[in-house]
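In order, the protein sequence lines correspond to chains A and B.
This note's numbering puts the first sequence at residues 1 to 200.
This note's numbering puts the second sequence at residues 1 to 342.
What the hints contain is simulated information worked out from the structure, not anything from laboratory work.
Warning: the hint list may mix true and false statements.
Part of the chain A face toward chain B, derived, beta carbon under 7 Å [stated by the list, open to error]:
#1 G19
#2 T22
#3 E92
#4 I95
#5 D172
#6 R173
Far from chain B, some chain A residues (derived; all Cβ distances over 10 Å) [unchecked claim]:
#7 E20
#8 A68
#9 A77
#10 G78
#11 Q80
#12 D91
#13 W125
#14 Q129
#15 R145
#16 I146
#17 A155
#18 P158
#19 G175
We put the CB at the ideal spot given by N, CA and C, even for glycine.
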Amino acid sequence: MSDHLPAFRELNLPRNPFGELTPDEWAAVAVVDVDPLVDWLSEDGRCVQLVGACGRGKTTHLHALRRALPHAVMRRAGRQPPGPGDLLLLDEYDIVGPLARWRHLRRASRCAVAAHADFSRQLGWMGWQVHTVHVAVRDRATIARIAEHRVRQLAPGPLPAAPPVDLDAVVDRTGDDLRALTDALYDAWQHPLEASRVQV
Amino acid sequence: MSKCDLAVVLEKPGGTFGPGDTVVGMVTVDVNQDCRCNGLTVTLRWATHGRGNRKTRTFATEIVFTGDWKAGEQHLHPFELTLPDLVSPSYAGTLLNLDWEVYATADIPWAFDPEASSRITVRVPPGVPCDPGPEFTQSAEAVATGNSAVLVITAAMLVLIAGVGFVIPLGIAGGSGPDRAEMAIVGLIVCGTVVPIGALVAWMGLRKQVAAKALGDIRVSGPTGAVHAGEEVAVTLGFTPPKAMTGAITATFTGTERCVSGSGTNKRTHTHELLRLEQTLRPQGTFDAGAPVEVTARFRLPADIAPSFEASENALRWEITLDVDIAGWPDWQQRVLLHVAP
Numbered sequence: 001m002s003d004h005l006p007a008f009r010e011l012n013l014p015r016n017p018f019g020e021l022t023p024d025e026w027a028a029v030a031v032v033d034v035d036p037l038v039d040w041l042s043e044d045g046r047c048v049q050l051v052g053a054c055g056r057g058k059t060t061h062l063h064a065l066r067r068a069l070p071h072a073v074m075r076r077a078g079r080q081p082p083g084p085g086d087l088l089l090l091d092e093y094d095i096v097g098p099l100a101r102w103r104h105l106r107r108a109s110r111c112a113v114a115a116h117a118d119f120s121r122q123l124g125w126m127g128w129q130v131h132t133v134h135v136a137v138r139d140r141a142t143i144a145r146i147a148e149h150r151v152r153q154l155a156p157g158p159l160p161a162a163p164p165v166d167l168d169a170v171v172d173r174t175g176d177d178l179r180a181l182t183d184a185l186y187d188a189w190q191h192p193l194e195a196s197r198v199q200v
Numbered sequence: 001m002s003k004c005d006l007a008v009v010l011e012k013p014g015g016t017f018g019p020g021d022t023v024v025g026m027v028t029v030d031v032n033q034d035c036r037c038n039g040l041t042v043t044l045r046w047a048t049h050g051r052g053n054r055k056t057r058t059f060a061t062e063i064v065f066t067g068d069w070k071a072g073e074q075h076l077h078p079f080e081l082t083l084p085d086l087v088s089p090s091y092a093g094t095l096l097n098l099d100w101e102v103y104a105t106a107d108i109p110w111a112f113d114p115e116a117s118s119r120i121t122v123r124v125p126p127g128v129p130c131d132p133g134p135e136f137t138q139s140a141e142a143v144a145t146g147n148s149a150v151l152v153i154t155a156a157m158l159v160l161i162a163g164v165g166f167v168i169p170l171g172i173a174g175g176s177g178p179d180r181a182e183m184a185i186v187g188l189i190v191c192g193t194v195v196p197i198g199a200l201v202a203w204m205g206l207r208k209q210v211a212a213k214a215l216g217d218i219r220v221s222g223p224t225g226a227v228h229a230g231e232e233v234a235v236t237l238g239f240t241p242p243k244a245m246t247g248a249i250t251a252t253f254t255g256t257e258r259c260v261s262g263s264g265t266n267k268r269t270h271t272h273e274l275l276r277l278e279q280t281l282r283p284q285g286t287f288d289a290g291a292p293v294e295v296t297a298r299f300r301l302p303a304d305i306a307p308s309f310e311a312s313e314n315a316l317r318w319e320i321t322l323d324v325d326i327a328g329w330p331d332w333q334q335r336v337l338l339h340v341a342p
């Protein structure tokens, strides 16, 4: 049981900025522009499809849409579908079979789905007008903003000392995998500040 | 701008409290716009954070105001919230953290509900009972490699598939001449693949029972209530092997933080080992047929040991695992979950 405080406690943050978030926190730190998607979803019969590999930000987009569209219902595929007429935000669209996907969407008037593969053709067969977004973050500036937002959520003002991580080194290793980035930054912020600029 | 801003001010900011203590303070409200408040609620709760999905548990609630607020006003609403007699103490770990807080929120119609919180530290004095969490169940369970029934059924289905794959080329489903020969090759390939897999799956399901057979009548006894920091904990294993066997007996005391993040395909389990102590209870040797064996593992708990905690997807577990390494036979293991208190 170590006596050394983790960096986030030494910097007076209530928790590690890269730990798990509640759904509302997740939406609040999202660095995504969903205004065009909100515009697209202003008419019945329209669907936004978010396609990308694991850890690239699909669920983050859904949380941001939920924040922008307070009456939307967010579900993970496999759960009980919502009632008719809802604006449905459906995560992990492709973990269930075709029949279950149809059941999830049949009573929605507008929807956004997150999937690991492109289902635009199948969605078109179901009668949806589909706008597909291939989700990935590849530029370092955006990745840096994502990391900064997580810290700013807990510390709106200046920090009393430098954060304990060389972000460039982390991004060199994790690339555009935001989940791996978060994992690495969590571990870095658990180290004491005296071991700052931890090479991860 | 929010319609109002809240702050929780404690009589003892950052103070340390114990079971049954009362937390006194006030909620300050700075009103920015005229609004209706359908309830200003103050709760005393713990909240987990770290690697696991966030969980909270509320222990005391007070509604301190309902009514209308005017822009420019400031209100002070006092509260007193009492901790229960049985609490989980605050904990700061690597993957898991348990923080206590006074949390206030105002129900404002047609607006984001403002909220504020102030953290307190909760400590349980040595020797005083503490709450191991809402999902803790003290148990001694045989270590399983999976759900035995599921594995055996899966194995049976694989063998059935292999049987069909073998039956078809024998001509029961029809075909003749070169077709039968080709089907026989397919059937043999299916059998050659599926039968070993089925056998392996069945073995995984039955391994525990097979291992126990070598030990005969097995008796495990351990602490039935909480064990406290600095105390010695003892777990006893007894058995009478029906046949002579060669083996060794060890015990391992471990403390592990275990947290689950995400859900569905993104679900991940994170573990961090806090402590591992091993003892050899019986070195490699012969156990005579019919001769009773009894060994006891004793571990002294560190004085600063963190208490057990078990909530949904967030756990700090202390266990003693008994392991009988039997030569030429599957190992037998039993895990005893401890309720560790300060």
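Hey, does E20 of chain A actually stay past 10 Å from chain B on C-beta? violated (5 Å)
Under the criterion of a CB-CB separation shorter than 7 Å, is I95 of chain A in contact with chain B as hinted? holds (6 Å)
Beyond 10 Å from every chain B Cβ - status for G175 of chain A: holds (18 Å)
10 Å cut-off, C-beta based - D91 of chain A kept clear of every residue in chain B: violated (7 Å)
Verify that the Cβ of Q129 of chain A lies farther than 10 Å from every Cβ atom of chain B, and report whether the claim holds or is violated. holds (27 Å)
So G78 of chain A supposedly isn't at the interface. Is its beta-carbon more than 10 Å from every beta-carbon in chain B? Violated, because the least Cβ-Cβ distance between G78 of chain A and chain B comes to about 7 Å, which does not exceed 10 Å.
Chain B contact restraint on G19 of chain A - CB to CB distance below 7 Å: For G19 of chain A, the interface hint holds, since the closest Cβ of chain B sits about 5 Å away, which is under 7 Å.
Does W125 of chain A sit more than 10 Å from chain B, CB to CB? holds (24 Å)
Cut-off 7 Å, beta-carbon criterion: hint that D172 of chain A touches chain B: violated (23 Å)
Is it correct that the beta-carbon of A77 of chain A has no partner in chain B closer than or equal to 10 Å? violated (8 Å)
Assertion that A155 of chain A lies farther than 10 Å from chain B (Cβ): holds (15 Å)
Would A68 of chain A pass as off the interface with chain B, using Cβ distances and a cut of 10 Å? Correct as stated: the minimum Cβ-Cβ distance to chain B is 13 Å, above 10 Å.
Checked against the numbered hints listed earlier, the structure breaks hints 5, 6, 7, 9, 10, 12; every other hint is satisfied.
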